[in-house]
Amino acid sequence: MIPELLSLLRSAEGTDALALADQVSGGDPLVAAEKLRSAGIPADLAAAALTQAGLRRAATAKFGTDAARMFFTRAGLEQATRSAVAGRRACRLAGAGVSTVADLGCGVGADALALARAGLRVRAVEADPLTAAVARANAEVLGLPIEVECADATGFDLSTVDAVFCDPARRRGNTRVFDPAGYSPPWEFVAGLAARVAYTVLKLAPGIDHGLVPDGAEAEWVSVGGDLVEATFWAGPLATVPRRASLLPSGLSLTGTGGAIAPVGPVRGYLADPDPAVVRAHLVAEYASTVDGTLADPTIAYVYADRPEPSPLGRWYEVLEVLPFSVKRLRAALRERDAGALTVKKRGSAIEPDDLRRQLRLAGSVPTTVVLTRVAGAPTALIVRAVRA
Numbered sequence: 035m036i037p038e039l040l041s042l043l044r045s046a047e048g049t050d051a052l053a054l055a056d057q058v059s060g061g062d063p064l065v066a067a068e069k070l071r072s073a074g075i076p077a078d079l080a081a082a083a084l085t086q087a088g089l090r091r092a093a094t095a096k097f098g099t100d101a102a103r104m105f106f107t108r109a110g111l112e113q114a115t116r117s118a119v120a121g122r123r124a125c126r127l128a129g130a131g132v133s134t135v136a137d138l139g140c141g142v143g144a145d146a147l148a149l150a151r152a153g154l155r156v157r158a159v160e161a162d163p164l165t166a167a168v169a170r171a172n173a174e175v176l177g178l179p180i181e182v183e184c185a186d187a188t189g190f191d192l193s194t195v196d197a198v199f200c201d202p203a204r205r206r207g208n209t210r211v212f213d214p215a216g217y218s219p220p221w222e223f224v225a226g227l228a229a230r231v232a233y234t235v236l237k238l239a240p241g242i243d244h245g246l247v248p249d250g251a252e253a254e255w256v257s258v259g260g261d262l263v264e265a266t267f268w269a270g271p272l273a274t275v276p277r278r279a280s281l282l283p284s285g286l287s288l289t290g291t292g293g294a295i296a297p298v299g300p301v302r303g304y305l306a307d308p309d310p311a312v313v314r315a316h317l318v319a320e321y322a323s324t325v326d327g328t329l330a331d332p333t334i335a336y337v338y339a340d341r342p343e344p345s346p347l348g349r350w351y352e353v354l355e356v357l358p359f360s361v362k363r364l365r366a367a368l369r370e371r372d373a374g375a376l377t378v379k380k381r382g383s384a385i386e387p388d389d390l391r392r393q394l395r396l397a398g399s400v401p402t403t404v405v406l407t408r409v410a411g412a413p414t415a416l417i418v419r420a421v422r423a
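My numbering puts the first residue of the sequence shown at 35, with every later residue one more than the last.
Incorrect hints may appear among the rest.
Ranges of calculated distance between the beta carbons of each label pair, as one might list FRET restraints [said to hold, decoys possible]:
(1) E38 x G374: 22 to 30 Å
(2) L354 x I36: 55 to 63 Å
(3) D62 x G216: 36 to 44 Å
(4) D261 x A229: 28 to 36 Å
(5) L64 x A229: 48 to 56 Å
(6) G216 x G60: 33 to 41 Å
(7) V421 x P297: 21 to 29 Å
(8) S287 x Q57: 37 to 45 Å
(9) P220 x P37: 22 to 30 Å
(10) D62 x A410: 53 to 61 Å
(11) A73 x G374: 48 to 56 Å
(12) P163 x A53: 22 to 30 Å
(13) D62 x T194: 47 to 55 Å
Think of the hints as simulated: they come from the structure by calculation, not from any bench.
Nothing here was measured: the structure is a model prediction, and the numbers come from that model.
Ideal placement from N, C-alpha and C gives every residue a C-beta, glycine not left out.
Kindly generate the complete structure, drawing on both the sequences and the hints.
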């Protein structure tokens, strides 16, 4: 799509094309395209409308009912913040007394929309002309007064705002960029924002190195429904703790230093698998302390306790059997239990679950879960049963 096609999609002709595309898309794309052409819709508009219909369906998971009115690019939708996460962040900024915020690298406008809905004045900047036009269109169709400028974020006058939010682009074409040096705006600029604006918030990939957390900043990892979705660095007065793990939709948070060490002991009656936000925030020791838990290996983020204490912070399993890892021994133990469909969880093991299933050749009737891990450095298999919360 090009900006001219986006303008056409927003015209009366484009609105009709989008409505028809929404009705016919989702099946055979050639059949859908033919139906739009049969309705007299030009080929380029038909293709753009069908693309938007598909992106809007995919966007529903992030944007809910708003997705049906919004516009997207594929890359923009992939990096766009889920509305629940963006809304929570916007409320935290508004609660800190911020009134004006710059959204540098606004993408399709997900965070800018949430910030505006929280009552903040938003000045959004996006370097890519098409993406900037999409962000502007989304603000308009949702009735939100957001200023969107197509420009290089590094040239924005930061003296005009109270706070800055930056979500650097982490794609180059169709390729993901994992090295912060390849971000856009560049990491040197992004990391330096905290020294220039007191209220600075950075949204980053969840795999970001802890060593890149600015001095004095709060580093937060966020999961949604058990899926780790992002890291957020909060600087200045916004930083209240060194590390935070936040879980949605529960809203539960766990905080700590990120450097605590959990006690180590033997395998106990129950195993807890901490939420990935807890693990990435380096808060496993803090979580273990809340459940009177220990680790069986200091390098593995499984927590063991004498009784389960279910919460969104961790998923619990009853430990039924502990075995030194051996395919032959594990096969015998599982066949004795009439094990069939096998769920394999692992930490600290190089064994591929599919390879293990093939080697075990189970034909029983009982669905079973096996955890591959290390205990005191030794490869170990645990036969476990999920504990219902």
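Now for the hints, and whether the structure bears them out:
Checked against the hint of 22 to 30 Å, the pair E38 and G374 fails, with Cβ atoms roughly 57 Å apart. Checked against the hint of 55 to 63 Å, the C-beta distance between L354 and I36 comes to roughly 59 Å, which is consistent with it. The hint said 36 to 44 Å for the Cβ distance between D62 and G216, and at roughly 38 Å that hint holds. Under the hint 28 to 36 Å, the C-beta atoms of D261 and A229, about 33 Å apart, fit the expected range.
In this structure the supplied range 48 to 56 Å holds for L64 paired with A229, their Cβ-Cβ distance being about 55 Å. The hinted range of 33 to 41 Å is satisfied by G216 and G60, whose Cβ atoms lie roughly 35 Å apart. At about 22 Å, the beta-carbon gap between V421 and P297 stays in the expected band of 21 to 29 Å. At about 43 Å, the beta-carbon gap between S287 and Q57 stays in the expected band of 37 to 45 Å.
In this structure the supplied range 22 to 30 Å holds for P220 paired with P37, their Cβ-Cβ distance being about 25 Å. Between D62 and A410 the beta carbons are some 57 Å apart, a value that agrees with the proposed interval 53 to 61 Å. Under the hint 48 to 56 Å, the C-beta atoms of A73 and G374, about 52 Å apart, fit the expected range. The hinted range of 22 to 30 Å is satisfied by P163 and A53, whose Cβ atoms lie roughly 27 Å apart.
Against the hinted window of 47 to 55 Å, the Cβ-Cβ separation of D62 and T194 comes to about 51 Å, which satisfies the hint.
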